[in-house]
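With the hints as a guide, dock the two chains, each given alone in a separate frame, to form the complex.
The residues making up each chain are set out below.
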Amino acid sequence: MKGIPSYTATTNACKLCKPLGASLAFRGIEGCVPFLHGSQGCATYMRRYIISHFNEPIDIASSSLGEKNAIYGGGPNLKLGLNNVTEKYHPQVIGVATTCLTETIGDDLHRLLAEYKKEFGTESSPLIVSVSTPSYSGTHMEGFTAAVKEIVDQLTTESAPNGTINLFSGFISPADIRYLKNVCSDFGIEVTLIPDYSDTLDGPALNDYPVIPKGGTPLAAIRNMGGARCSVEFGWTLPGQTGGKVLESKFKTPLHQLGLPIGIRASDRFFDLLKELTGTAIPEKYVASRGRLIDSMVDAHKYVFNKRAVVYGEEDLVVGLTSFLVEIGVQPVLCATGGKSGKFENGIKAVLDGMACEMPVVKEDVDFYDIEIMAKELDVDIVIGHSKGYAFARKEALPLIRVGFPIHDRVGGQRILHLGYEGAQYLFDLITNTIIDKKQSDSTVGYSYM
Amino acid sequence: MITSAFLKDRAKQIHRKGSVPFELDCNKDSLAGAVSQRACVFCGSRVVLYPIADALHLVHGPIGCAVYTWDIRGALSSGPELHRLSFSTDLQEIDVIFGGEKKLAKALDELIDLHKPKAAFVYSTCIVGLIGDDLEAVCLEATKEKGIPVLPVESEGFKGNKRAGYAAACSAMARLVGTGDIGNISKYSINILGDFNLAGEIWLIREYFARAGIETVANITGDGRIADIQRCHGAALNVVQCSGATMDFANILEENYGIPSIRVSYFGIEDMAEALYAVASHFADPELMDRARSVVKNEVEKILPELSKYKKALSGKKAAIYVGGAFKAFSLVKALRLLGMDVVMVGSQTGTKEDYIELEEITDDGTIIVDDSNPLELASFIKEKDVDLFVGGVKERPIAYKLGVAFCDHNHERKEMLAGFQGMLNFAREVYSSVMSPVWQFVPRRSEEG
Numbered sequence: 001m002k003g004i005p006s007y008t009a010t011t012n013a014c015k016l017c018k019p020l021g022a023s024l025a026f027r028g029i030e031g032c033v034p035f036l037h038g039s040q041g042c043a044t045y046m047r048r049y050i051i052s053h054f055n056e057p058i059d060i061a062s063s064s065l066g067e068k069n070a071i072y073g074g075g076p077n078l079k080l081g082l083n084n085v086t087e088k089y090h091p092q093v094i095g096v097a098t099t100c101l102t103e104t105i106g107d108d109l110h111r112l113l114a115e116y117k118k119e120f121g122t123e124s125s126p127l128i129v130s131v132s133t134p135s136y137s138g139t140h141m142e143g144f145t146a147a148v149k150e151i152v153d154q155l156t157t158e159s160a161p162n163g164t165i166n167l168f169s170g171f172i173s174p175a176d177i178r179y180l181k182n183v184c185s186d187f188g189i190e191v192t193l194i195p196d197y198s199d200t201l202d203g204p205a206l207n208d209y210p211v212i213p214k215g216g217t218p219l220a221a222i223r224n225m226g227g228a229r230c231s232v233e234f235g236w237t238l239p240g241q242t243g244g245k246v247l248e249s250k251f252k253t254p255l256h257q258l259g260l261p262i263g264i265r266a267s268d269r270f271f272d273l274l275k276e277l278t279g280t281a282i283p284e285k286y287v288a289s290r291g292r293l294i295d296s297m298v299d300a301h302k303y304v305f306n307k308r309a310v311v312y313g314e315e316d317l318v319v320g321l322t323s324f325l326v327e328i329g330v331q332p333v334l335c336a337t338g339g340k341s342g343k344f345e346n347g348i349k350a351v352l353d354g355m356a357c358e359m360p361v362v363k364e365d366v367d368f369y370d371i372e373i374m375a376k377e378l379d380v381d382i383v384i385g386h387s388k389g390y391a392f393a394r395k396e397a398l399p400l401i402r403v404g405f406p407i408h409d410r411v412g413g414q415r416i417l418h419l420g421y422e423g424a425q426y427l428f429d430l431i432t433n434t435i436i437d438k439k440q441s442d443s444t445v446g447y448s449y450m
Numbered sequence: 001m002i003t004s005a006f007l008k009d010r011a012k013q014i015h016r017k018g019s020v021p022f023e024l025d026c027n028k029d030s031l032a033g034a035v036s037q038r039a040c041v042f043c044g045s046r047v048v049l050y051p052i053a054d055a056l057h058l059v060h061g062p063i064g065c066a067v068y069t070w071d072i073r074g075a076l077s078s079g080p081e082l083h084r085l086s087f088s089t090d091l092q093e094i095d096v097i098f099g100g101e102k103k104l105a106k107a108l109d110e111l112i113d114l115h116k117p118k119a120a121f122v123y124s125t126c127i128v129g130l131i132g133d134d135l136e137a138v139c140l141e142a143t144k145e146k147g148i149p150v151l152p153v154e155s156e157g158f159k160g161n162k163r164a165g166y167a168a169a170c171s172a173m174a175r176l177v178g179t180g181d182i183g184n185i186s187k188y189s190i191n192i193l194g195d196f197n198l199a200g201e202i203w204l205i206r207e208y209f210a211r212a213g214i215e216t217v218a219n220i221t222g223d224g225r226i227a228d229i230q231r232c233h234g235a236a237l238n239v240v241q242c243s244g245a246t247m248d249f250a251n252i253l254e255e256n257y258g259i260p261s262i263r264v265s266y267f268g269i270e271d272m273a274e275a276l277y278a279v280a281s282h283f284a285d286p287e288l289m290d291r292a293r294s295v296v297k298n299e300v301e302k303i304l305p306e307l308s309k310y311k312k313a314l315s316g317k318k319a320a321i322y323v324g325g326a327f328k329a330f331s332l333v334k335a336l337r338l339l340g341m342d343v344v345m346v347g348s349q350t351g352t353k354e355d356y357i358e359l360e361e362i363t364d365d366g367t368i369i370v371d372d373s374n375p376l377e378l379a380s381f382i383k384e385k386d387v388d389l390f391v392g393g394v395k396e397r398p399i400a401y402k403l404g405v406a407f408c409d410h411n412h413e414r415k416e417m418l419a420g421f422q423g424m425l426n427f428a429r430e431v432y433s434s435v436m437s438p439v440w441q442f443v444p445r446r447s448e449e450g
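Residue numbers (my numbering), protein chains in the order written: chain A, 1 to 450; chain B, 1 to 450.
So that you can see chain B by itself, here it is in the shape it has in the complex (with noise of 0.2 Å):
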């Protein structure tokens, strides 16, 4: 049913599962007018590089840049919290007329002696592509003066999208890698790729591995230190979650120092486990094995009591995603069915082809899958499948609330830790005490149909 909340240059996004043999377009800017639920290049580079907390984030642009990614995520720190500064050269009409490259220089001279920070990344914005200042030269003089790493990040916001700032985050990290020490570091060892801390996520999975065996190296980037970065090449296995953000890192770390990867997912009960045997079974020694198995026990047997008495009370409820990365949508997919609930629509800002492809084999028919979805498109699937949750973002909840419908949030600006075992079970919590409470009876939605 195509209704007029869908253009007609957006067809070919959205598909339903059954009707027609799969196929998704997908990859490509969005369409001009369609009120795209993404954002642009700079958000991709600020995702990825803004929990490195030891480091100095110095927006080069006019001040709205910066400003509206002050703060916002939920990537916590154990220690230095430099990252939750949000740094601009908050140019003006001047600057752009005569260029930013010295403002940049001072403003980077003064916060480097100021704040004192291990590294500095500065991001390019969409001007600063066009007034042609010359970010790589500011910085290298920068490093030379300061005596620490200055890393420019291309990330103009209209170069692509938000992809694509993920890959520029990724190369300018990688200029860090090969400089720090690799002594001591133990034959089962990790990086972590792809786990932002949200809510100390990363605390909780780096635990997990320790009693598994592994030793992390470098969390990249959640409650991410430069050193860290710098001695990455040190770990034996790169373990990457939201693969979209940090496969490219990844990837320069195979092909510079011989590091595999795997791909993995945090979230959920089957994920998680998963996770913890996959990298096991990498160094091959049952002993690791062994414990991932006890860990796994160990914590499901914690949660299963609880996680029972949500999915009685959620079963054959009904649930749409829409999310930043398609490599979360399917974790989700998997989450939501352990809870008992029927996942009737899926869609995400910047899946691949492989992607979606895998999202509709895991999917039931009559599933939507969209990609790079609007307001109007997730407003009229809410009413077509009579959604009973929503999983999205801060952009998707006034919509699923404006029509009365119950909302978890799985972005990085939320304050829950939703990964690992015990995130499982705070999902399960968040999604109850949306989906049962009592306000849904006195929404029109639900007080109309009598």
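Chain A with its partners taken away, still in its complex shape (with noise of 0.2 Å):
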């Protein structure tokens, strides 16, 4: 395919800021506020944002710098916020994020933290966490890696081995963690997964306004993290410095890395893995589950067989997606995010090992604009990734299967579930489906016996 024109500015991007990714894992945490150490605004769009695909509130506290503070520093408002969202919500944890603002006039969060705890510090004060996430430099993956790196490195101790698993599951879907801690419990391991905000982020209707919503990964477990049997953490595109790593350096906590499961392959390596960490055999379930999904692979195998598929999005998610359609059959021939980890390839082409499928075109650091310019070269007949690929999807009047975040055109969102078998068999009926309505509507005769 030709290249495509380098453009300097970035129109539709296919990507989110740091701080925004900071404030959904801190959101994952027992107690936690996050709060963004910035002008008023960035938390505010952050908000909306987050609000339209969860459709749940999300309170991100502000410290509202303004031009003063611009100038003379943020440290008083800094403190002031902090003591506002400890008397009005008190939190177990505040879970503190830079913005570029306050990363650009070079306040020291460190120093004033160290200041206000040393001002204000009760036994009863909140902890706080803080974390780097400057806008102009990674995505909101980034920001959520480095927020969970930075949870575990300030609050975890030293501990007695406790025969727990940690699990560091990035950025997924509540239906994802419900999941994951569901198949922890049945092979009866406990498990600590963080961050957890698959009850914060989707729960239950109210009678009160809650504070803070009940859920997250429990303080205790975060602090007893290093006295796990070991962690696991899912990415192939995870920066050097990760929650997992940390706890293998700092308390010799064994690591074990591996892809995000999705689809066959992936699933299989992570129940693998708990079975050879536990000594259990697979829960029966699963095993059934399994069967299901190939038994409803075999049944509809035809309708999917190459088709040619554009994925982008989150790079973990992509690389977890590409596995996954090649497995059925699909051709992904563009696999694009707006990443920018350098480990966006190599995770391809991980997952593409051993099957016998055609390297798709592999973007890094590409924007919506560019998709569609290679999208149209490359005869695609379907767009599989959330919903701001809606616009050039409905352009190129391709079918798009919806998936990650945001979802903001349709409800729904933090119900998909796309990990282990029971995501796979969702994903595939899903892009099934769509293929099988693509092909109904576009038929003159309509058919109503596909």
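These are computed hints drawn from the structure, not numbers from a lab. Computed from a predicted structure; not experimentally measured. Accuracy of the hints is not assured; some may be wrong.
[Claimed, not checked] Under the rule of at most 16 Å between Cα atoms (straight-line distance), these lysine to aspartate or glutamate pairs were calculated in the EDC-like manner:
id	chain 1	residue 1	chain 2	residue 2
1	A	K302	A	D429
2	A	K395	B	E81
3	A	K68	B	D29
4	B	K385	A	D208
5	A	K285	A	D272
6	B	K159	A	E67
7	A	K302	A	D437
8	B	K102	B	E145
9	B	K311	B	E430
10	A	K395	A	E377
11	B	K415	A	D409
12	B	K146	B	D113
13	B	K102	B	E141
14	A	K252	A	D153
15	B	K28	A	E67
16	A	K340	B	D9
17	B	K383	A	D208
18	B	K8	A	E87
19	A	K79	B	D9
In structure tokens:
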């Protein structure tokens, strides 16, 4: 294919900014209020963006810096903000993330927070975890991973071996989180899954507004993560420093890194790992759902075979989806991401290893303008990714299969299950039916029996 | 009743009518840590300029600011849709260190050649204000080179609140005025200011005015065009809705071209009719007034039968309002009254002293009036007043829904036309369809009442 012209500006970005990822991660910690040190707009914009996906309240505090603070430093507002959040929310933890404003004016967060603790800290004060997330370097995924790493780095202490397993599950849906917790429970594993926003961003209707919603990774468990049997961390494109790596180097907690368990082979790898770690056979219900998945794939393989897909979104999600697509005979022709970890292409290569398929075009650091230009040349059948690809999919009259984040034009984004055999089953049915639907709608006959 | 939901520093921004003499603090910087529903200066500028559909809107900053404002508003265009693309210089660390001017100049050069806009707006963001890029110089250079107006918008997020952003947008737009041909403009001509053509509203309003014999010169800014703004000084009257956002522009036109302005609102039967009458009476031509009356009569007759059906069902239900600008709140109070509902709480993000005095006058005793509120406060008001309906925006929606309260979206993201006579009917339908839904009997708030 022809090279895409390299434009200076980004048009319709396929990425979000770093503090958004950090806010989501903090939301997955028990009793934690995310707090952005910056101008008021950042917190509000991100809340709106997150709310529109989860349909849940998310209170993100801000130090609400004004012009004077930008000149004289944001310290006083940071302290006032922390005091106000403490007074109103009674949090156990406040997760402070910086923004481009405070990074650029040179606020030294460590010094400011040390001062704050000296000035206002009491025994009942909330813990404060801080993370540097200037949005001019990296995407929301780097922000997410960095926040998780800092949580562990700042809260975990030396502890006796406790037989638990840590699960750094990455940026997945609440349905995915619940699924992983069930799997672990069925294996008899006591798991510390972090961050766990399965309740805090997908909670029940209530009679009282939850000042801080119930749920989240328990603090007591986070403190003891160093004593776990091991850590399992999902992701092919993770940075060198992660929560799992921190525990490994600080407490010698063994670390297993593997891709997101999307599709058969990646799920097998995860289940095999749990089997190996526990010495327990894979619970019958998962064996059965794997069997049903394969049976359904046989039943419907002709509908999907050789269909050409564009897959975009966060690097690890795209790698995982690509792995699954080649298992069902769909040909990924373009794998694209706005991230630029430098590890994306290798991740794709790794999951295609041993599968008889062509290497797709793999592009990191692209926007939807680029994706659209490339897609035009690739004779595409389906598009797989979040809602922001809708604009170009519509233009090209391609069906969009919605996965990941954000889902802003459908309900239930938080309930999409991507992981494990059950997630693969859901995705398989969705992809197959989307293809059938397209064929049916495009047909002049209008068969009701496909 | 002051509960733990309120911070001491916020007390002066909450008033209960009838309890004490009216006094309300407003137009203040948001309190750090209070989780304000407000955004920032940049947001204010984006709100005003976004609907100008044949302009290039380039956000000079890191990716977040552009990506969170990509195609989120329901502002429709009857022609070009350049405003729906999200352009960003996507500043990286290296740009922050060495300055972003060159990148900006190159981005403008490429984007203008590619998209051939009629003008370009370059939005400044927080860090641009800090690293000292000379936007004025870069824009001037681009103007010379490309032969279209390239206008800097001084919208650094931290330099005040949304109102400052409105002002920045108005002064950027003002640079366009006076350059277009104003021949062939009727003596009964207006500019429509402060309608953003959500769901096509401005088309409806223009049609009403046209039927009353009044020509619209420029839409500012719904379905906006650069050429129209360039000749808007040829209009005889500025008709200003959403005065917070565009009154500055009207004032500039009055100062420079002696064009008077009147404030109107198109929400609700009373205000819509009043808007037509006010414009007709400004031109002091009895024929115009007759025509305006006939428009009102015709339109009201069309919607009354259906409206009365909703009124019957909604009578006595309690409503809360929290919107961006207070001017819209006046209309909403009246419109909800027309439906027989009691407004028990009303607030805004950016109301002025005068706005709140007027609100106090038109509301009933016991009504809570609040400036720059936040989730915990709003949730406590909902509980305290046992509200049946909340009218607000995306950030208020999950608060209402979580507590089992009906909701009507009256913000810029909405896709329903709520202005004009037809809009009143749509509003009633939407309120009715939410309030009367059977789901409320299952939420804890109602089911636990026994």
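Please flag the earlier hints that this structure goes against, numbers listed from lowest up.
Hint 16 is the one this structure does not satisfy, whereas the remaining hints hold.
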